[in-house]
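**Student:** The chain contents come next:
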Amino acid sequence: MTSDETTPQAPPQSFLIADCGASNTTVALFDEAAGSYRLIAQAAAPTTAAAPWEDIHLGLRQAIQQIADATGRTLLNKRGDLIRPARASGRGVDAFAAVFSAAPPLNTILAGLFDKVSLASARRALSAAYTHEIDTLTPADTRNENEQIASIVNSQPDIIFIAGGTDNGAERQLLDLVETVQIGALALSTTKPPHVIFAGNKALREQIRSLLGENIHLHVADNVRPSLQTEQLHDAANLVSEQYQNLKIKSLPGIQNIIDWSSAPMQPTAQALAQITDCFAQIQNGRVMAVDLGSRSVTLTEAAPNSESRLCVRTDLGMGQPIANILEQAALADIMRWLPSSITEAEAHNFIRNKALFPQTIPGTKSEHRIAYAAAREILRNVVEQAGQRWYGNHPQTQPLRLLLVRGSTLTKSPRPNQTLLMLLDTLRPTGIFSVALDVYGVLPALGVLAEHEPLAAVQALEGQALHNLGWVVVPTGKGQPGQLAMKVTLESGQAQRLEVEVEYGTIEIVPLAPGQSAQVALQPARRFDIGYGAGRGKTVTIRGGALGMVIDARGYPLDLPADDAARETLMNQWLWDIGG
Amino acid sequence: MQFLSHSTIVSPLTRIRRERLLPNDGDVIAKIGQEVSPVQVLARSPLKVTFEVVPVCQQLRISPEKLAELLAVQVGSMVEAGDVVVKKRGFGSKAYLSPVNGVLHSVVNGRLVFSQVAEFVELRALARSRVVNRIANRGVLLEINGSRIQAVWDSGKEGFGTVHVAGETAVTPFTADPINTELSDNVLVTGKITEAEPLEQAQRSGISGLIAGSITADLLPIAQAMNYPIFITGGIGEQGMSEPIFQLLQKSEARHIALFSSPPNLAGQRPEIIIPLEAVPGEDLPPAGQPLTAGQTVRILQKPYYNQVGIVTQLHQSKRIMETGSSVYGADVKLTDEQTVFVPIVNLDAII
Chain B
2 MTSDETTPQA PPQSFLIADC GASNTTVALF DEAAGSYRLI AQAAAPTTAA
52 APWEDIHLGL RQAIQQIADA TGRTLLNKRG DLIRPARASG RGVDAFAAVF
102 SAAPPLNTIL AGLFDKVSLA SARRALSAAY THEIDTLTPA DTRNENEQIA
152 SIVNSQPDII FIAGGTDNGA ERQLLDLVET VQIGALALST TKPPHVIFAG
202 NKALREQIRS LLGENIHLHV ADNVRPSLQT EQLHDAANLV SEQYQNLKIK
252 SLPGIQNIID WSSAPMQPTA QALAQITDCF AQIQNGRVMA VDLGSRSVTL
302 TEAAPNSESR LCVRTDLGMG QPIANILEQA ALADIMRWLP SSITEAEAHN
352 FIRNKALFPQ TIPGTKSEHR IAYAAAREIL RNVVEQAGQR WYGNHPQTQP
402 LRLLLVRGST LTKSPRPNQT LLMLLDTLRP TGIFSVALDV YGVLPALGVL
452 AEHEPLAAVQ ALEGQALHNL GWVVVPTGKG QPGQLAMKVT LESGQAQRLE
502 VEVEYGTIEI VPLAPGQSAQ VALQPARRFD IGYGAGRGKT VTIRGGALGM
552 VIDARGYPLD LPADDAARET LMNQWLWDIG G
Chain L
896 MQFLSHSTIV SPLTRIRRER LLPNDGDVIA KIGQEVSPVQ VLARSPLKVT
946 FEVVPVCQQL RISPEKLAEL LAVQVGSMVE AGDVVVKKRG FGSKAYLSPV
996 NGVLHSVVNG RLVFSQVAEF VELRALARSR VVNRIANRGV LLEINGSRIQ
1046 AVWDSGKEGF GTVHVAGETA VTPFTADPIN TELSDNVLVT GKITEAEPLE
1096 QAQRSGISGL IAGSITADLL PIAQAMNYPI FITGGIGEQG MSEPIFQLLQ
1146 KSEARHIALF SSPPNLAGQR PEIIIPLEAV PGEDLPPAGQ PLTAGQTVRI
1196 LQKPYYNQVG IVTQLHQSKR IMETGSSVYG ADVKLTDEQT VFVPIVNLDA
1246 II
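Residue numbers (our numbering), protein chains in the order written: chain B, 2 to 582; chain L, 896 to 1247.
Worth flagging that the hints you see were computed from the coordinates, not collected in a lab. No experiment lies behind these values; they were computed from the predicted model shown. Keep in mind that a hint or two might mislead.
Claimed, not checked - Looking from chain B toward chain L, a few residues come up when the C-beta cut is under 8 Å (computed):
{"hint": "1", "residue": "I150"}
{"hint": "2", "residue": "T192"}
{"hint": "3", "residue": "L358"}
Quick reminder that beta carbons are idealized off the backbone N, C-alpha and C, glycines included.
Construct the entire structure; sequences and hints are all you get.
**Tutor:** Here it is, written out as structure tokens:
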């Protein structure tokens, strides 16, 4: 977030982008100001896809009208349609793009041969889209074929994803499985025919095509596991994402109006976020991670130059309706450990269940706010753990981070961004020297879509104030004893100011640096500590201050939380105090 | 600036239109214009289907191509256990008999696939009403004049009975004391559910249903395990029932009441409590989900005024800071105790 590069002038063009989430629809207007694209206004309204409205277009129009009211610029005509392109009088906008996570996930049955091979790869491909695995069919299934067929018919999946067999490898077992799928899918062909995606042994494609016949919608993707050692997820993941667009987004009530307005194809939010994260990784020339803690899903994506980006979408967790699912994936005690003892288990449990009933609501008291944050921590921890396992297996990622992008109103609209940062550090466990940017206006994925068609406009918008720069963070790796020196920091800013800070192991320090102010920072880790350049190796960087200055987190990972309630509470309060309360 | 708000219907008298839809395609039995009773079946569909796949070619040593010629029944036909399904004539004649009562569903690669409906779902009217529309293969639209209350949670079951208010106030907890077998056809109304034992006692007494303002989170799985429907009108916790809902149910003592659950596959259709009032024609309600206006009655959905009802006196056009520090759009709401409080718009539920 420090780039001083200037971008060439692009022809002036205004654009409106929308992010239709499960709870809220956010709209932002960008236009040329002082020779560059800037965020002019942003507004949000409830997403109106579900009852009582059942017209997603209504909430979108409401948000657009809020922008029109705030800017005095007419954007909608008398019929409520977007005026496009912009008129000479200043009415309307030139371009419109939207991303969607408002639609429910694809109910998916997964069929494959081996849990740790083809099924593992298939799950990675499926987790790159809004899917919900409702059943798995394998040769090792304890159910017989009759029961497997009944399961397909009774669960009425949107898609059946078949993987298995390396290219030119296993055939018979896979064909048996396909026959089972065939019978189940045929039984549903008159009511709700599922779409079948085949991403297994490519030698069987034609056989499977003829086996499934014309009455079953078959889509063929590259084998997700062409050999035991290789994996190719891209094609299958794209195909699944396409099905989400066709079967779910396009079924949203009122969607046709939005399609008619759009200058760019509609995209699922998660894919657009992965796209813009990848752009940032190229621009920053380093590893970039993005986390989106949404109402009905959680997305984690990371990208690095010259490597395929990774994406994990969890539709079973979120801060709205699925928040209650965390109680099935973690014990209530796992959530309670992040709370002061004055809050009871019953209070936390009731709040979480209520939030699931009223996903649009926000905490009304400080204690409810703490409970929401504790639940968010546990959700993020769960997502990060599963994504890490799926992406890296037993070899966790150690490459230092360069940029962390953060989305979701729980994280970006928090009254105390330092608490948000602490939560991110505790759950994502990033290391290295990196900056943190909050997507406070909810524009990041939609800008990702725009970047494909209007790259200059999107880059200029991002370089403007579309993101909120929280500041820089340094997290060394290494273990030590509490009180032992972990790092020395020397900061020199333009006005001959010099500040030296010694950071002890087990603590968090904030080095003040005003937003926008540049400084040269010499970071010298102690012998056993590494900030991404080797143990004990220092680095001098030029940074620009953000809302929180520069944060040094020398607590060491994994965090050792005391089992004793009082000791744990004291330690957590200490960390909160250290990071700014 | 306008603010859209979620809403809840709590209406003493209105013309109610309620869709009754099957989870899957099935047979719609009721006809447009038909007056139906609470127990009347409107539509029926298979809920669970079982399958039996038989490798008949292998068993009879015939080719899959030959099988089509030897079928004694057509694909899609009903069969009974013992019916001849495949007959091989001539030297070494053999027959294959149906193993099930069901349907010869399909023939796939030399295998016979039989299906059997293991479980049906039947949609009953639950309230005396009139069928005003048929939704092809899925269900009907019923019209009822009466009181209508939208709930926020149900235990997954539905039913009907006679209203009996079991608690004195909107916040009285449900206890085992008033429950006996004389209440077997009753739908009980209580302020809040905070203990498991009364739920079990109610099951033993054979009640027809239970309506409460709130239930504590730990009791949700127990409530779902009960054999009678449990409907929650307010939310999770110990806050009890909103006063307008409690008063409406109190006035409905001894009347017929129907509990319509929220079908899991129909997102958006909320659980509803309907009390038919046949003698009086109701009027249509204003549409739900309209922008909030001053004068609107609202219910508050989060603490510190959780479950309280009041009237919007002012909608703020700029954001204000809450106790939590969050900056939000909100409204001033005058509560029944005359206190006026600021509440975020997203924590308001318009009562219509």
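**Student:** For every hint, state whether the structure bears it out.
**Tutor:** How the hints compare with the structure:
no. : hint : verdict
1   : I150 : holds (4 Å)
2   : T192 : holds (5 Å)
3   : L358 : holds (5 Å)
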